[in-house]
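Chains A and B, in that order, are what the protein sequence lines are. Residue 0 is where the first sequence starts when you use numbering that gives the first Met the number 0, and the numbers rise one by one after that. Residue 0 is where the second sequence starts when you use numbering that gives the first Met the number 0, and the numbers rise one by one after that.
FYI, nobody ran anything at the bench for these hints, they're computed from the structure. Among the hints, erroneous ones may be present.
Not everything, but these chain A residues come out facing chain B in the computed CB check (under 10 Å) [unchecked claim]:
| id | residue |
| --- | --- |
| 1 | Ser276 |
| 2 | Tyr451 |
| 3 | Met459 |
| 4 | Ile469 |
Beta carbons are placed, not taken as given, at the ideal position from N, Cα and C, and that holds for glycine.
2 protein chains.
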Amino acid sequence: MKQLEKLIKRIIYRVNINLREHGSFDVEPYLREIVPIKKLVKFYAFYGITSHHPLYFHFSNSNLAGSYFLGKCTVDNSVLYKSDIRGDELKTKGDVFHFQGADIALDHDEKISISDSFLIKTLVHNYSHDPENLEEFIIKNTASTPYANIHGAPVEGCFLGPFSTVDLTTMNDCVIGRFAYVQVGEIIHQRVEPGSILIRKAEAFDFSYRFPESILNRYIRFKPEKGLSGIFMDFVESRKQDFQEIFNVVLLKSPMPIPFGASISRYSVWKGKTRVSKNVLVAQRAYLENALLGKGSNAQENCYIINSKLEGFNITAHGAKIINANLGEKTFVGFNSFLHGTPECMLNIGKESIIMPHTIIDLKEPVNIPSGHIVWGYITNQADLAQHSLPLDKLAVIDGEIKIGVMRFQGSGAVFVKEFKDRIEHILEANGAFFDGTKCKGHAQKGQNIAYNIIQPYPMGSQKGLYPTIDIRL
Amino acid sequence: MKQLEKLIKRIIYRVNINLREHGSFDVEPYLREIVPIKKLVKFYAFYGITSHHPLYFHFSNSNLAGSYFLGKCTVDNSVLYKSDIRGDELKTKGDVFHFQGADIALDHDEKISISDSFLIKTLVHNYSHDPENLEEFIIKNTASTPYANIHGAPVEGCFLGPFSTVDLTTMNDCVIGRFAYVQVGEIIHQRVEPGSILIRKAEAFDFSYRFPESILNRYIRFKPEKGLSGIFMDFVESRKQDFQEIFNVVLLKSPMPIPFGASISRYSVWKGKTRVSKNVLVAQRAYLENALLGKGSNAQENCYIINSKLEGFNITAHGAKIINANLGEKTFVGFNSFLHGTPECMLNIGKESIIMPHTIIDLKEPVNIPSGHIVWGYITNQADLAQHSLPLDKLAVIDGEIKIGVMRFQGSGAVFVKEFKDRIEHILEANGAFFDGTKCKGHAQKGQNIAYNIIQPYPMGSQKGLYPTIDIRL
């Protein structure tokens with residue numbers, strides 16, 4: 000265990016040095032509480048072998064307990080606890096990257112490169128959107144905490160709070176508060192307050208919202224030396240047990256005949272009367288209970304869909320939770336959103352509506368969201384919608400500033416709506432929603448044939464908890 | 000699958016070229032029958048991570064379905080199907096090898112190096128006894144078939160029949176018949192007939208026995224294009240199912256509290272009223288059913304102990320089967336022996352008796368083997384013992400030639416008995432039978448804390464069935 004303890008200390012020092020200008024911010028009392036060292040020896044890590052992605056893994060001087068790897072990744076001097084490192088959308092050699100009129104061809108395949116970092120129950124996905132660093136998706140000197148989401152976002156010297164998301168944004172020496180969402184292209188030496196939603200594109204638009212502290216505290220609290228608490232944690236902790244059996248079995252039979260073009264990860268939970276249609280993707284660590292997923296829908300990592308019906312082409316993004324809801328076609332539920340109806344207070348969402356990332360809908364009465372709306376913030380009843388939603392076509396004609404409640408939008412609504420819709424199309428396409436048997440293959444089809452290899456650390460001695468050095472290539 | 004099929008063809012060509020002088024011996028019709036290609040994609044391989052042995056694995060352009068690796072091994076251009084490659088007794092850097100008065104210090108750690116070979120349900124264990132090649136235990140251009148046993152024996156260009164053993168012998172361009180046992184130091188360009196037992200040490204002794212063809216055929220037949228059949232195959236095939244559940248679970252609880260100094264592989268089968276005492280080693284793929292193992296006993300790979308009681312310090316070597324028997328202290332049951340009593344016809348073996356490797360005792364009446372005897376050949380009743388056993392102290396005074404039935408011994412009985420007894424002591428010691436809490440640690444104690452990592456091949460595409468290139472080191 001000695002080497003592992005040394006490693007953890009070393010990572011903490013490095014992160015703290017990067018964050019030294021933020022007062023004397025110390026990540027240690029946060030981290031110590033949420034990962035008892037003993038557990039790092041307990042869970043196995045695993046990586047996917049598939050013919051659909053370039054394959055390269057390199058692990059050294061690290062603990063990878065419970066983590067999953069796909070694509071090309073290197074991990075050095077890091078602790079990755081129950082994290083998902085999904086490199087299935089990395090750029091490949093010869094790809095052309097477009098940036099401000101320039102076309103840059105990639106020299107070699109991109110890889111995710113994680114070093115000197117502590118990622119806890121963190122999702123890393125997609126490819127680096129840093130135009131300065133095309134072939135390497137870097138995560139360095141960084142500590143991230145449960146259910147943080149590093150999405151196409153290279154980060155160096157940062158601390159990510161629980162349930163926070165950094166999306167398509169290069170980030171350096173920042174502290175991101177719990178449940179904050181940041182999609183701003185680039186962010187340096189800043190502290191993002193808890194519950195802030197920031198979506199910004201230079202010379203195009205600027206969307207911001209912030210959850211009231213008192214509401215946020217009910218859902219997620221994070222205190223040094225006390226760890227995590229609140230409704231979000233209670234929700235995931237109470238369902239943790241269901242995953243254990245799944246992880247203890249090497250080969251698991253599919254819970255239903257796999258429909259054409261669909262894939263159901265054998266590392267997903269499947270309970271009650273759950274059914275999926277063709278071209279559906281159910282990712283690892285997705286949780287389905289009495290869930291009906293119409294064709295072309297995807298249920299991404301760490302999402303929960305319970306007692307709900309989704310018509311088709313629905314996106315349930317990483318970490319989103321949908322309970323007691325009916326969703327029309329092509330609704331989008333963003334990262335870490337919490338949509339919580341009850342059998343008496345159902346949530347109905349009309350087709351093509353967009354639930355922004357990090358939205359909380361926690362019902363005291365039934366709520367109907369009409370189709371074609373964009374929704375954000377905190378909603379408990381029908382009346383709340385007035386201050387937390389807009390028809391998309393109304394947003395699309397805004398050019399200038401608008402304030403609704405604490406939400407502020409500035410810039411071109413048309414560009415904002417177009418980019419959001421384009422991204423939804425891209426997500427559906429990438430996940431294989433439009434597969435016709437030959438064309439438009441996506442993750443759903445590529446995930447059908449995947450082998451999972453299991454790695455574990457030294458079980459005792461001074462190397463206890465550290466994985467051997469491993470190199471894997473085609 | 001294309002690449003895998005190419006690989007298999009290539010191995011077959013290479014083995015056949017090595018064996019070209021043995022008539023036009025073609026290994027292909029033997030191999031094709033016993034491993035349906037489809038199964039090569041089905042089973043995972045696994046390797047052990049422990050702090051007790053140097054760790055180095057390298058796999059390339061190979062299929063490893065169902066195989067297990069420990070210690071330092073490289074595998075290139077090979078198919079290893081359900082084989083155990085156990086490098087836990089390899090020589091290490093600095094070790095001194097004694098040979099004919101010379102002391103040679105090892106330059107670096109020894110590794111098992113397997114290339115261009117097809118090993119099927121084969122056990123590779125121990126270290127190379129080739130004095131010409133100290134740091135590398137080579138298996139090359141070789142095909143071996145189910146339950147063959149390559150024990151401290153580097154082999155090149157050979158074909159090993161089912162249930163055959165090559166023990167402490169360097170072998171080149173040989174064909175070893177089914178159920179033959181060869182321990183002769185070095186053997187080149189020879190064909191060893193099925194059922195031959197050959198133990199020879201230059202200028203010391205020469206033991207030989209051969210099973211009558213008609214008896215051998217009842218236990219194991221092997222025909223090109225027809226595969227394997229006989230009592231041995233029926234026996235193992237009927238118990239195959241019990242292993243499947245074990246291999247499908249990642250973490251398996253110990254079937255009983257582990258006694259002091261003992262280890263029970265989580266890849267062993269454990270049924271009925273089975274109990275083990277302290278310092279007992281139960282290896283992977285051992286099968287215990289209503290078995291009582293007294294202290295310091297070991298149950299090695301592929302052994303079966305059923306409805307039997309072993310008093311203590313008993314060795315049940317790789318592939319040995321003991322059914323309905325009572326064994327006194329320190330009995331030795333050699334490789335692939337088949338000791339088959341029934342509830343009505345129990346087999347009793349007195350203490351310190353030696354059942355030679357590849358002995359068949361298949362009872363029609365109860366049989367008592369007195370203590371201190373050495374036993375070989377084929378026994379079905381008490382009367383058979385007369386022609387198939389000797390008191391060890393009688394054998395120890397022989398100097399010259401003796402023939403008993405078809406057994407012929409020539410040379411120094413004293414040296415033969417001493418070497419056998421020394422080896423038994425070594426095996427007990429290496430397996431940890433004498434562990435006292437601090438000194439005499441062996442496999443039983445070192446096997447207590449071991450992590451198993453799982454590897455699988457590409458599940459589809461042209462690489463289907465081939466494992467990625469993998470390098471693992473400290």
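message: For the restraint on serine 276/A, tell me whether the closest CB of chain B is nearer than 10 Å.
response: Not OK, violated: serine 276/A not within 10 Å of chain B, min 23 Å.
message: Checking hints one by one. Is tyrosine 451/A an interface residue toward chain B, by the C-beta closer than 10 Å rule?
response: holds (7 Å)
- request: Could you check if isoleucine 469/A really has its C-beta closer than 10 Å to a C-beta on chain B?
  value: With a minimum Cβ separation of about 5 Å from chain B (threshold 10 Å), the hint on isoleucine 469/A holds.
field: Restraint satisfaction for methionine 459/A [CB to CB of chain B, less than 10 Å]
entry: For methionine 459/A, the interface hint holds, since the closest Cβ of chain B sits about 4 Å away, which is under 10 Å.
Hint check: a violation occurs at hint 1 only; the rest are consistent with the structure.
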